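Engineer: Residue strings, one per chain:
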Amino acid sequence: MVGTRNMVHAILFLLGSLIGVAGIYVLVFAEFLALVQILIYGGGIIIVLLFALMLTKRDEFHGRMENAQWPLAAIASLGLFVLITASIFADPQSGFEKPIHANFTEIGRSLFTKWAIPFEIASLILLIALIGAIVIARSGEED
Amino acid sequence: MHLQILSAALFCIGVYGVLAKRNAVLILMGIELMLNAVNINLIGFAVFSDPQGMLGQIIAIFVITVAAAEVGLALAIILRLYRKRSSVNVDELDIMKW
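Chains as they are written, first to last, in my numbering: chain A, 1 to 143; chain B, 1 to 98.
Mixed in with the good hints there might be a few duds.
No more than 30 Å apart at the CA atoms, straight line, and that leaves these computed lysine-lysine pairs for DSBU-like [what the hints assert, rightly or not]:
#, chain 1, residue 1, chain 2, residue 2
1, B, K84, A, K57
2, B, K97, A, K57
3, B, K97, B, K84
If you anchor each label on the Cβ, the simulated ranges turn out as follows [claimed, not checked]:
#, chain 1, residue 1, chain 2, residue 2, range
4, B, V90, A, E106, 41 to 51 Å
5, B, L55, A, H9, 15 to 25 Å
6, A, A116, B, S86, 44 to 54 Å
7, B, N89, A, I131, 25 to 35 Å
8, B, K84, A, L126, 36 to 46 Å
9, A, I131, B, L93, 43 to 53 Å
Hints listed in this document are in silico derivations from the structure and should not be mistaken for laboratory results. Note that this is a predicted model, so its numbers are computed, not measured. Ideal Cβ positions, reconstructed from N, Cα and C, are used throughout, including at glycine.
Turn these sequences into a full structure, and let the hints steer you where they fit.
Structural biologist: Right under this line is the structure:
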């Protein structure tokens, strides 16, 4: 995704990697999350990114994508990867339990009983983001 | 452990995308990759160290919700920026520098 020069290809590669993440969720028996991942990312976020790309269309799509500090950024991200991997190997997890099937009923029940207040706050956040996006995108017309 | 290494790799690719790209939409995509890496990490730990509880999955759902809200707001900001400056190149957006 970060290597390609064509931005539409970059978004399609991002979709591929997000669906791969959904496959990993299936592999660790989190089917509900895989479903949510495909619905929200594949159906929502990729479309929004494509809209953002098309509404800001310029003829510099095939030009240079990286800024001047890309070698520094590459070094920093590689160093971060080495650091995280070293810290993972320094304290290896042991005694994995076999994952059990987390069924939809359990998730829904605990989402609406134990996690009801965070659920409501999440819906409030979505509402605020919706209104804020409309206000930010519209108020440019007056000035 | 494999999930953690995968998550670290995805996070670092996202960090590179955020740090090195010039287009604001590509930076947004880097942020999405980083959020996904965090979700993989959460799910890995939740499934293998707390198989009975739903904690990891539910927090991952909230992370996905916040990611969706963030993408919507960022799209609005990018559109506003494009209308004002007719560019989404973050190198040219230096009005807050002094």
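Engineer: Would you mind marking each hint as holding or not holding in the structure?
Structural biologist: Outcome of the hint check:
With a C-alpha separation of about 14 Å, the suggested pair K84/B and K57/A falls inside the 30 Å cut-off, and the hint holds. Distance check on the hinted pair: K97/B and K57/A sit about 26 Å apart at the alpha-carbon level, within 30 Å; holds. Taken as a hint, the K97/B and K84/B pair is honoured in the structure, with Cα atoms around 18 Å apart against an allowance of 30 Å. At about 44 Å, the beta-carbon gap between V90/B and E106/A stays in the expected band of 41 to 51 Å.
Taking the beta carbon of each, L55/B and H9/A are about 37 Å apart, not inside 15 to 25 Å as hinted. Between A116/A and S86/B the Cβ separation comes to about 46 Å, which falls inside the hinted range of 44 to 54 Å. Against the hinted window of 25 to 35 Å, the Cβ-Cβ separation of N89/B and I131/A comes to about 28 Å, which satisfies the hint. With their beta carbons about 26 Å apart, K84/B and L126/A fall outside the hinted range of 36 to 46 Å.
A beta carbon spacing of about 25 Å between I131/A and L93/B contradicts the range 43 to 53 Å that was offered as a hint.
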